[in-house]
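Next come the chains, spelled out residue by residue.
2 protein chains.
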Amino acid sequence: MTSYTAPLADIRFALNELAGLPEIAQLPGYEEATPDLVDAILEEANKLASEVLAPLNHSGDREGAVCENGAVRTPRGFRDAYGQFVEGGWNALPFDPDYGGQGLPWTLGSALAEMWNSANMSLALCPLLTQGAVELLQAHGSEEQKDAYLPKMISGEWTGTMNLTEPQAGTDVGAAKTRATPNGDHYLITGQKIYITYGEHDFTDNIIHMVLARTPDAPAGTKGISLFIVPKFLPKEDGTPGQRNDLRCVSIEHKLGIHASPTCVMAYGDSGGAVGYLIGEENRGMEYMFTMMNNARLTVGIQGVAIAERAYQQALAYARDRVQSPEVGTRGEAVPIIRHPDVRRMLMTMKSQTEAARALAYVAAGEMDRARRAPDEAERRRHQIDGIDLLTPIVKAWSTDLGVELASLGIQVHGGMGFVEETGAAQHLRDARIGTIYEGTNGVQALDLVGRKILRFKGETAQRLLIASMEADLEGMTASNRVKMIASAVGAGAESLKQATGWLVEAGAKDMSLAAGASSPYLRLFGTVAGGWQLARAAQRAEDLLASGEGDPAFLEGKIRTALFYADNILPQAVGLMTAATRGAETLGQIEDTDF
Amino acid sequence: MTSYTAPLADIRFALNELAGLPEIAQLPGYEEATPDLVDAILEEANKLASEVLAPLNHSGDREGAVCENGAVRTPRGFRDAYGQFVEGGWNALPFDPDYGGQGLPWTLGSALAEMWNSANMSLALCPLLTQGAVELLQAHGSEEQKDAYLPKMISGEWTGTMNLTEPQAGTDVGAAKTRATPNGDHYLITGQKIYITYGEHDFTDNIIHMVLARTPDAPAGTKGISLFIVPKFLPKEDGTPGQRNDLRCVSIEHKLGIHASPTCVMAYGDSGGAVGYLIGEENRGMEYMFTMMNNARLTVGIQGVAIAERAYQQALAYARDRVQSPEVGTRGEAVPIIRHPDVRRMLMTMKSQTEAARALAYVAAGEMDRARRAPDEAERRRHQIDGIDLLTPIVKAWSTDLGVELASLGIQVHGGMGFVEETGAAQHLRDARIGTIYEGTNGVQALDLVGRKILRFKGETAQRLLIASMEADLEGMTASNRVKMIASAVGAGAESLKQATGWLVEAGAKDMSLAAGASSPYLRLFGTVAGGWQLARAAQRAEDLLASGEGDPAFLEGKIRTALFYADNILPQAVGLMTAATRGAETLGQIEDTDF
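First to last, the protein sequences are chains A and B. One rule links them: number in the working numbering = place in the first sequence (from 1) + 289. One rule links them: number in the working numbering = place in the second sequence (from 1) + 289.
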């Protein structure tokens, strides 16, 4: 079990040099985000993450959340740590100042989300869900609803949850059966929801549930789903929690990981019906919920980065400390295992992909800020469609897949110690494993990418990103021979991505199931290449800074060599992924049911 | 939690059509292994595996082994199940009939090992270690030692363990400090060993520890290590367990997986010294121990296959049962998720790689049988050096890496249910995770492959396997266009492997650390291509059988389509692996300590 310190130099570099935070801070409404303030925020966040949240990560895993008679007890120290999080104003950072938010960019918020999740993913899940609920209310709630809930949810005094899943309705949310019966100014909600993260807890004195339910005579499927605010305690006139609502936590799941995060089975309306307030119009619940989900998907992607970073820090510390065997080909003294080439390969595989995924996630958050705040309508639209919409499923799925793979590699660096729970390395794999599943499985992300983000636009979104952005960037990457080599490897990857995109557009027009069969390797290919692009940009920028004598030379040299490692060890996977996403999908289509 | 049934049709096909069991049964000493007997053994083994061992897998995980005052209690039902295993004569199958063994081929033994480990990996670990200890005694023990221990260990009445690791001596076994002081006809052993699988348990009334220790004035490092038999109870004149030896289990580890398998910290000589009997000569312990390790490494590779098979069966059952969402591109009824292309991709990714790894593992076991029993000395040597020696690290590392990846994919097929421990899917990932670590980490396997199996012979072993065997096979694969396509994909992979081998031989001559940096992707490349070769052989054979009207057409068609899937979706990874194992290793060599 090791400590965590935020990789502030890496985070700053990704924010400022890659995601363009300084330009984003020029956009209307983000003027508060001055370089000095950003720096101070990052430093303070690191203190909370490293000193308060991180030390509870392992003990929280061992203790787990406990449910007794409908009450959930979180592990020792969690309630207090959450209190410090709220007190520090951390929950309010990216939200509307009209409701008590600080109005800072999501790009900066992404860096903080990374720190909270590296430090303690189980605890950080609580604000992650609240954040989604705030976004949802902000976008679709009535003025009255906003006034009643937003200030307390933005401050974090109250938390929010997301109630979609039912036993028969997982990926297919439209199959939900929870009922909502009109009853005066509200509805009565009856039904059971599962997998409700922080559906019940002891952090705050109220919990605001966002619940999908079906009104009488609603059409079947997703078009008959409405969205309701269902508070644990109904707010009184003065805004404080009043009457207990008819809802309860039935039990919590015994899970592979995130033990400290209570995953609740929630029962609504056992005693006649829980009071629920309709958000917006009936039957538009799925549409509203997507506001919340897209936000949450980006942050779940960041969880993948976060857990990979934590696993890397732990593996690195072990590799520097553990002395075993002389250097290969010698008979000298035993050396720290970081001197062994295969251990270096594992560590650099972790580091380079973590940095690639971090950069892409921050860039995606930057696109979200630009899509919201760019002064020009067409520009906002471009950042929305070619930017955040396209990148969200990639960041979510690619980063969480990496989270699992790299946490597993972190165990491997430890050898036998990695398999022993006391070490803490195994927890990272167990925790990471949920990232590929929740907020839409990675298979669903891949279908979203292929269907809604690529084929819907006949491949033009990808082509614009590839041609307008990536290829233009690559052409300008001439700062050194090293950078040219990196750019050339990314260019080869981009070529594979173009081929796969072309195939996809043709296949999708003929047969959606062919495109669906290609979707997972296609997404992986996209992430791998787009991540390489970001590392190439980092290398180019590092050369420029080196040439102008700015920055720490060792740090900047490291950026260039990390990008070179990725170019020669990770990017070469692109060709194989392209084949799997084209010819491989055709072969998949030939598989018969009897072949399994 | 689902049941397990051995995939007997697949196992028979791999044994008979790929590993050549019918030819092996012609070798001197293996004549007992008639087709009828083999069939009966497979059927009976499936009964024990599916009816006795498999139902205890999940409960064993939940209960775990418990250590109290030096005594280890295994989970409910385990002692009885082990008793049935011994009673059925299963432990004795591949051993010398002179000591009560049944003298059957290891190839057949591999298929049984797969079943035991699919059914219950934690329980199967006990005979796995005993088997290694038997091999060791058989090869290096004195006649007296063989007489005293082999009959009971071959029957399974007594179990065996392997005591290598100490806290400061993991991969570097030569750093062991446990002392052995001569004392009349025996030695007194003093020291602590860790990670001792089934170092203590309640299955049998004696446990025979194989312990590495250092005699006074022994040279430093691996050349000063001797090997001792240290029984828990010293056998009396009549062969029954007598005086308790001075050794005890101090504690057991709290691990990520294989909870039912006690991983012990063992203390030797707390009260003056445990009685130990030297095997062979002093200072040759490491050499002897490798007899045991090579055997165990092959079986650990089979554990990777076994856990992948179990995870596949569970995921497949879930995918056929779980109804969710209409078929892609339609608005019809919800269908079982196996109808969704991305789920089919996950399942076929699991199945095709499991079959490839199974085939290679059985083929490797066949090489071991041939290396022992082929009538001609040169032929035996060829099967040893180009066969089992070369293939052991590949089977061990590639199959266990796949075990982890495919068990993780098995979770993914389940969606949210996969993350809930009650489902049982998560256990397979937790159990699989040890396979890449024990019996020499996969990094150590990669170094063994590159150093001792490839470079030591200047690449000739690999070239002979590639040219003499693989390419000759591929040339003959003309049974159909489908088979030609598969063979051509394997041929492209073999080309990548040849290039990487050529690079490795050059690099190894200059700089061993370069070769070491290439070793992991090189091993993965070797496994991927060799596995593809086996599936191509399967497809060719299936076409032949189809043409001659033999066998079940649906089964044989499935073999061909599975190989096609692998050819188009897995084999294309070869180019990327080749690049990582050549240029990527050079880039790795440029990484500075400050880059981490």
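Errors might be hidden in some of the hints.
As the list claims (entries may be wrong) - In silico DSBU-like links for lysine-lysine, alpha-carbon gap of 35 Å or less:
(1) LYS799/A to LYS787/A
(2) LYS787/A to LYS787/B
(3) LYS773/B to LYS799/A
(4) LYS773/A to LYS773/B
(5) LYS512/A to LYS799/A
(6) LYS773/A to LYS747/A
The hints are simulated quantities; they were obtained by calculation from the structure and are not laboratory data. Note that the structure is predicted; figures quoted are calculated from it, not measured.
Taking the hints in turn, this is what the structure says about them:
1. LYS799/A to LYS787/A: 19 Å, holds
2. LYS787/A to LYS787/B: 29 Å, holds
3. LYS773/B to LYS799/A: 28 Å, holds
4. LYS773/A to LYS773/B: 40 Å, violated
5. LYS512/A to LYS799/A: Between LYS512/A and LYS799/A the Cα gap is close to 27 Å, so the pair holds against 35 Å.
6. LYS773/A to LYS747/A: 32 Å, holds
Checked against the numbered hints above, the structure breaks only hint 4 and satisfies the rest.
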